[in-house]
Amino acid sequence: MEDMNNCELKILNKHSLLERLMGDKELISEILKVFLEDAPRQIQNIKISMQNTQIENARDAAHSLKGAAGNIGAEKLYNKARDLEYALRDKNLNLINPLLAEVERLFNELKTEIQNFLSEG
Amino acid sequence: MKILCIEDDKTTAMTLSRLLEKWKYSVFSASNGIEALQILASKNPPQLILTDWIMPELNGLEFTKKVRKKFKGKFFYIIILSSKTNKNDIVEGLMAGANDYILKPFDPLELKSRINVGVKTIALQNKLAMKVKELKYALDRIKKIEGLVPICMYCKKIRTPDNYWQQIEEYIEKHSDARFTHGICNDCLEKVMKENNLTKN
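First to last, the protein sequences are chains A and B. Sequential numbering of the first sequence, starting at 0, is according to numbering that gives the first Met the number 0. Sequential numbering of the second sequence, starting at 0, is according to numbering that gives the first Met the number 0.
Misleading hints may appear alongside valid ones.
[As the list claims (entries may be wrong)] Think about it this way: if two alpha-carbon atoms lie no more than 25 Å apart in a straight line, the pair counts; the simulated DSS-like pairs of lysine-lysine are:
(1) B:K21 - A:K24
(2) A:K90 - A:K32
(3) A:K9 - B:K103
(4) A:K110 - B:K9
(5) B:K64 - B:K83
(6) B:K86 - A:K90
(7) A:K13 - B:K68
(8) A:K24 - B:K103
(9) B:K73 - B:K42
(10) A:K9 - B:K119
(11) B:K119 - B:K69
(12) A:K32 - B:K86
(13) B:K68 - B:K9
[Stated by the list, open to error] Reference excerpt, derived from the structure (chain A facing chain B, CB under 7 Å, subset only):
(14) K9
(15) L35
(16) D37
(17) H62
(18) G69
(19) N70
(20) E112
I should point out that these hints are in silico values taken from the structure, not numbers from a laboratory. All C-beta atoms, glycine included, are put in the ideal place defined by N, C-alpha and C.
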C-alpha cells in the first residue's frame, strides 16, 4: 500500500481491488456490498462512542474502518480513517471532529463510486 | 485442511473466507478471541489460525497469549494479520507467541504462501508429535532392573517389596525381557551325584 502515501490517491482503486481478489468479479461485488452495509455502522459506532466518551472504542472502530477501506482499495478513506484513528489514539480532541466529518464525506463519495461500479457489472 | 479466521471487520472477514475457500481450506470464522477460544476447545479444532489484532472482547494479542498458555500440549500455528504496522507491533505480536505476522491490507499471494509455510510446519510438528508418542509407548514397555535388590546370600531368592521371597528366575523374568532355559553346571552336577550316591557311568 505504498502508493497510498502518494498524492494521487484514488477513491476506489479498482486495479488493486481486482488484484487483491485475484480477478474474481463476483467476489468483488459481494464484498463491496458488505462494505456498503458495514461501513456506515462503523462510522455510527465512532460517533456513539464519542458521545459516550469511550474514546478507545471509537479508536478501535476507526481502526476497523481503516482495515475495511484498505481491503477494498478505498485509498482516500483508508488514509483519512487512519488519521482519525491516530487522532483518537493521541486524544487530539480538536482534530477528531473535522476528521470524522471528512471520513463521512469520503465515505459518501466512495458509496457513489461503488454503486456506479456495481451497476456497470 | 481446517483454518480458523478471527476478524471483526465484516468486509475483511468475508474477503478472507472467500479466498481461503477458493484455496480449498475449510474455514471456521470467529469475530473475536472469546469465540475463537470456544472453537479451539472443540474436538479436532483447526490448527492453523489467522487472527486480527484489534477486536472487541478479546483482541488477537491476548488471544494468542491465552492459546499458548491454555493449550500447552497442542500445536497451533498462529498468524497475526493486522494493520498495526509498526516494527514494535510486529515484535510484540511475535513475542506474544504468534508464528507469523502479515501486514494489512494483505497481498493475497503473500498470504497464500505464508499459510503454506504454516501448513508445512503443522505437518512436521504433527509427525514429530506422533514419533514422540511412539517412542514413549516403546519406552514404557522396556522392562529393566535397577536399584538395590535384596537377595538371600544362601539360596539367592530375592525379596519383593511385599516381603515375599521369590525365586531369582521368576524375579528376573518379571522385571526384564530375559527368559531362562534350565541346565546344570559341573560343580552342581558333582554335588547332586554325591548327595544321591550316584556315579558317572
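| said: Need the list of violated hint numbers for this structure, in ascending order. | reply: 2, 7, 10, 12, 13, 14, 15 and 20
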